[in-house]
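So the sequence lines, in the order shown, correspond to chains A and B. The opening position of the first sequence corresponds to residue 1 in our numbering, with each subsequent residue numbered one higher. The opening position of the second sequence corresponds to residue 1001 in our numbering, with each subsequent residue numbered one higher.
These are computed hints drawn from the structure, not numbers from a lab. As the structure is a computational prediction, the values presented were derived from the model and not from experiment. Where a beta carbon is used, it is the ideal one built from N, C-alpha and C, also for glycine. Possibly wrong hints are sitting among the right ones.
To be verified - One side of the interface only, derived from the structure: several residues of chain A facing chain B at Cβ under 8 Å:
#: 1; residue: Met1
#: 2; residue: Met2
#: 3; residue: Leu3
#: 4; residue: Arg5
#: 5; residue: Ala7
#: 6; residue: Tyr47
#: 7; residue: Lys69
#: 8; residue: Arg73
#: 9; residue: Glu101
#: 10; residue: Glu106
#: 11; residue: Trp108
#: 12; residue: Asn112
#: 13; residue: Val198
#: 14; residue: Ser251
#: 15; residue: Glu307
What the hints assert, rightly or not - If you want a taste of the chain A side facing chain B, the calculated C-beta under 8 Å gives, among others:
#: 16; residue: Glu113
#: 17; residue: Gln257
#: 18; residue: Thr260
#: 19; residue: Asp292
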Amino acid sequence: MMLSRVANSIYWMSRYLERAENVARFIDVNTHLMLDMGLSVEETQWYPLIATSGDDEGFTKRYGPADEKSVVRFLTFDDKNPNSILSSIYRARENARTVREIIPVEVWEKINELYHLTQAHSRKRSVEALADYYTQVRQSGNLFSGMMINAMSRGDGWHFARMGQLLERADKTARLLDVKYFLLLPRGEQVDSPYDNVQWGAVLKSVNALEMYRQEYHSINYRDVTEFLLFSKLFPRSLRFSLDYASLALSNICADQPATCPALTEMGLLTQSLQRADADSIIASGLHEFIDVFQANLNLVDQSIYESFFEN
Amino acid sequence: MSLENYKTDGFFDELFESDGTPHTAAAALIEQLDALSRADLKRRQKTAEDILYQSGNTFNVYGDKKGTEKILPFDIIPRLVSSADWERLEKGIAQRIHALNLFIQDIYNDQKIIKDKVVPADMIFSSACYLKPCEGLKPPKGVWTHISGTDFVRAGDGEFYVLEDNLRCPSGISYVLENRAVLKRILPKAFQTLKVRPVSHYGDHLYKTLKHIAPDGKDDPVIVVLTPGIYNSAYFEHAYLAQQMGVPLCQNSDLLVEDDIVYMRTTRGLKQVDVIYRRIDDEFIDPTVFRKDSLLGVPGIMNAYRKGNVALANAPGTGIADDKAIYTYVPKIIKYYLGEEAIAQNVPTYICEDDKEREYVLANLDKLVVKAVNLSGGYGMLIGPKSTKAEQKEFAALIKAAPRDYIAQPTLSLSRAPTLIGNGIEGRHVDFRPYSLYGEEIFTLPGGLTRVALKKGSLVVNSSQGGGSKDTWVLGEGEEFGGEA
């Protein structure tokens, strides 16, 4: 049992931290892809990052063509972009501030420190100058998770935080897969060329999945990477895994609730649809289209969580 | 080495005698501090500031677009209170709170003290702090002032004088606890050597105090802290106290009243609330009773309180006892209810309404501070030693025209404490606010907030005007030692 407002804040604190970490991962994967593709400075490709963020309209209006400087600023330090790292950390901190009486004090201090760290780097504009910063953002994500795992009682607060983290992660892993879709490359003939496989390796690397993937599939190809990141029951950043465990958190929250909870129904529909889907038919009908539908359904789940717990 | 050129400059000093030798109680601390180089002290000061910054108890610098945040200035050299001084302070505070609590109960019920002409009726009823809706209230267990913080200054004679009683929503206790946590990391050796009395059990005492007033039959009451929200300057403290007690921190939107019962909105529906430590002022707490424009309050909460369905700490209405005008009557109030002489001294105050005292005031305008009882913030004030003959003449006329509106006090010379300034240690003026809880008995936390005026010569300790804080080490013997977590 906890205050609805507090449950809402802890859910979003966790989502925003996961979001910040994933934006840092996006920038990382893009940088690696460009290096692997042997692109020179003139033909660098920054647009895919904007396209997958869903904020391309806002970006184009304010920045024009996408280059390193503008994309780094937009995704990292732009306080007018609600999904930038700075905005996400700022909001995570504001949410943490309203729940600091129930989270371990180290968690609050870590988020606070991350915010000040972000402020301190906010004048830099190149990926190279920011490499250490992005690494720290990703490490902070791990620290945050670790502190929660080791110091937070497994009550409703924990379950809301966990659910927020996993739903955000499912959304972002899906978008990460989508980054490659937007790469302006001659497609078709390149699929499964060594070139292509190196790029899929970069995608795996950016979610620290390369080793786990190899143990299951041994060699890299488009179909298997897609299957792994969408449907692995075991890998903790896959869509399937994230949804399975978000469902579990939700079931715990709904346990001994007097009435059936609508969020549980909505979450059940989405998990089942993932359990039924298979990589081959998704690739045949279009990965990008599949991800679009998945994200729309994820929004429905989020909406029903809001109505079930936060709104009253 | 760091203290070799320290001078008390003729002021009462918290660590040194006037001849430059340490007070007996401070000798061990001085020895430890003096063994540190200035660079080492500065390094420790920086570490303390970093820890406080990281803890996030910061405020935004006004008008700064980059979102720069600052901590309240903190000085690592602790202020000491000897066990003898503390014992006397503790007794004086308990006596004062006991009497003032009886006073409030009387004022809102039988008004005997008015009928007996100890405090004039118009002094009470003309006060903005007298709340008519509180008439006839009988708070649980007869306690009104559960949480208070008494302001003291120490004058040139070494005596502690009460400046204000702060019986409403005194803030600052989180600084006491935080400053202590930091200083234990910064000066562990000194801390250990001196046998400093612990403060970290404040949260336990606060919880017990609140539990004590839960409605009858509530063995495991739901206790919450009520805050105006994250934009309130004391929000950190509200969250901190909720955390120290492990209870929910509510905003008004989390609470509602139905059939005179207070509920909070939870993920599992409505849950009844039994005790509220509210950090919202009286006039904002219930728009149906007090200020109608309040957006911070909980409509209907006063009715729930009147019916005994919820307890509030502090009780509404306590402001009448820390009104400036009432302050001068506190020694009489103590005498009236307890039959005792006041242990903690008021700053000697001359009531101009009294013929004899007025005569003295008028004859000594060049030495006294004259204050209008209904004005604050330095308005309507004459500082005798710094005034002109014309100003003194003007005030003499004012006092004669409306003697009841004026009081006068001697110009106090506040004590000083050694403080890290630039590359050295200099004396700076300090005040002192210990915090008390009134539950089954009156408990005063052995420690408190020492505010320090960091500007040279300044007597203003407020943070808005260059004030900072120090940890306060109350010394003494007792079984509590070594017990601080």
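Do the hints match the structure? See the list:
Because the beta carbon of A/Met1 sits about 5 Å from the nearest beta carbon in chain B, less than 8 Å, this interface hint is met. Given hint, A/Met2 at the interface with chain B, holds; its Cβ is 6 Å from that chain's nearest Cβ, closer than 8 Å. A cut of 8 Å between beta carbons decides the hint on A/Leu3: the least distance to chain B is about 5 Å, and the hint holds. Restraint check, A/Arg5 versus chain B: the minimum CB separation of about 6 Å is within 8 Å; hint holds.
Restraint check, A/Ala7 versus chain B: the minimum CB separation of about 5 Å is within 8 Å; hint holds. With a cut of 8 Å, the hint placing A/Tyr47 at the interface with chain B is violated, because the nearest CB-to-CB distance is about 30 Å. The closest approach between the C-beta of A/Lys69 and any C-beta of chain B is roughly 20 Å, which is over the 8 Å cut-off, so the hint fails. A cut of 8 Å between beta carbons decides the hint on A/Arg73: the least distance to chain B is about 16 Å, and the hint is violated.
Restraint check, A/Glu101 versus chain B: the minimum CB separation of about 4 Å is within 8 Å; hint holds. For A/Glu106, the interface hint is violated, since its Cβ never comes within 8 Å of a Cβ in chain B; the closest pair sits about 10 Å apart. The beta carbon of A/Trp108 comes within 6 Å of a beta carbon in chain B, closer than 8 Å, and the hint placing it at the interface holds. Because the smallest distance between the Cβ of A/Asn112 and any Cβ of chain B comes to about 4 Å, under 8 Å, the interface hint for this residue holds.
For A/Val198, the shortest C-beta to C-beta distance to chain B is roughly 41 Å, which exceeds 8 Å, and the interface hint is violated. For the restraint placing A/Ser251 at the interface with chain B, the shortest Cβ-Cβ distance is roughly 14 Å, beyond the 8 Å limit, so the hint is violated. The beta carbon of A/Glu307 comes no nearer than 12 Å to any beta carbon in chain B, farther than 8 Å, and the hint placing it at the interface is violated. Annotation: A/Glu113 was flagged as interfacial toward chain B, and the flag holds, the nearest CB pair being 6 Å apart, inside 8 Å.
Checking A/Gln257 against chain B by beta carbon gives a least distance of about 6 Å; that is within 8 Å, so the hint holds. Taken as an interface hint, A/Thr260 does not check out: its beta carbon lies about 14 Å from the nearest beta carbon of chain B, beyond 8 Å. The beta carbon of A/Asp292 comes no nearer than 31 Å to any beta carbon in chain B, farther than 8 Å, and the hint placing it at the interface is violated.
The structure shown violates the earlier hints numbered 6, 7, 8, 10, 13, 14, 15, 18 and 19.
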